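Enquirer: Chain by chain, the residues run as shown.
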Amino acid sequence: MAESAAFDLVCSSLQRLTSLTSLEARGTVRLALKEAGFDAREVSARQMYLVLKRVLPGELRSRGVQNTDGVCEELARTVAAVSEGAGSDAPDAIFQRMGGD
Amino acid sequence: MGIVDTFHSLATLAFVVGSALVAVRLLALSARTRRAPEFLLGSGILLTAVLGYGLLIACWILRGTASTTSAAGATPLTVALFAAGKISHDLGVSLFLIFVMHVFRRGDVRAWAFAGLLMFLLWGGLALSVAHGHFRSDPVGTLGWFSEYSVIWTYSLWNVVESYRYWAMMRRRSRVGIVEPMVTNRFFLWGTSSVFTALATWTASIPYLYMADPARIDAITPAVRIVTALVGLASVSCSLLAFVPPAWYRRLVLTGARQATESA
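For the protein sequence lines, the chains are H and F, in the order given.
The numbering of the first sequence is our numbering, which starts it at 1 and goes up by one.
The numbering of the second sequence is our numbering, which starts it at 102 and goes up by one.
In short, the hints are calculated from the structure, not lab data.
A quick note: this is a predicted structure, and the numbers were derived from the prediction, not measured.
Below 20 Å or equal to it, Euclidean Cα-Cα: the simulated EDC-like pairs (lysine to aspartate or glutamate) are:
hint: 1; chain 1: H; residue 1: Lys53; chain 2: H; residue 2: Asp8
hint: 2; chain 1: H; residue 1: Lys34; chain 2: H; residue 2: Glu3
hint: 3; chain 1: H; residue 1: Lys34; chain 2: H; residue 2: Glu24
hint: 4; chain 1: H; residue 1: Lys53; chain 2: H; residue 2: Glu74
hint: 5; chain 1: H; residue 1: Lys34; chain 2: F; residue 2: Asp209
hint: 6; chain 1: H; residue 1: Lys53; chain 2: F; residue 2: Glu281
hint: 7; chain 1: H; residue 1: Lys34; chain 2: H; residue 2: Asp8
hint: 8; chain 1: H; residue 1: Lys53; chain 2: H; residue 2: Glu73
hint: 9; chain 1: H; residue 1: Lys34; chain 2: F; residue 2: Glu281
Make the full structure from the sequences, and use the hints.
Expert: In structure tokens, the structure reads:
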């Protein structure tokens, strides 16, 4: 199954900004998402922004990445520029709609 | 009518009416949003719980004590009701499977293949049963019957796994400051409703274990009816709280979430 655009964008940017390989970058972001309760296939840019701010810095520090705050700030700026279409079809958005919230 | 029959009839009526409320609410939503999930789930509930069970129950009432497991006592009307009930129910089960795929496993080829296998067993089994009994009776114990019921007994479990998995994910999101108590609770309720749906199909099927012993079936039927009715009520109650939540329930969930956040 294909990962979301926000996931792919963050992984490629993380690989460019750090010494992590593609596999390491994708694995690190995947772990951060899992810890925060998200799925790489459906995470939105808005949700990814929160993960970059609150979870990824710790994951990068534990892997010895330098300047983690600066890297995450840059990633957050990149992902914040992504525009998303109205109405998501992720399970949480569907269940929110179906409950009339 | 004894107390067991009265309770069973009232509980069944409440189940059908509650399910109809949820189905209408979701179908009305789908008419506005033009989105597939609400249409699939609303139609699935309408076809299984309202039309499917409704028509099958009407058939059982018309045939009186004569069981649908025997062709004796079948009339053109009961055959028509039985056929319409079975087809509606199985169509609803198919829509439930498509709903789970569409919401939780879109793009997952292996999961679609598994859903295809389940639908093949469901409809292939029904086709074999029709060839055997022509909707005059439910051919219990035949290959077609086992094929169809292997899906009827298990399709809810897939929904249970996916809903609880997502409920666990939603709970972890509080770590990044995303707290959506109603949506989180809805995944729990829908998973729990599916647990009760599975339990209801299992308890309702207990008499099939004693097909060779009619006296035993007569003895256990009251208990089976009470348990099935209670489990059905629990299932529809969860669905109603999930998709037609009353104001008091919203307040309860939101207050609980606020207290949990404050104490954390």
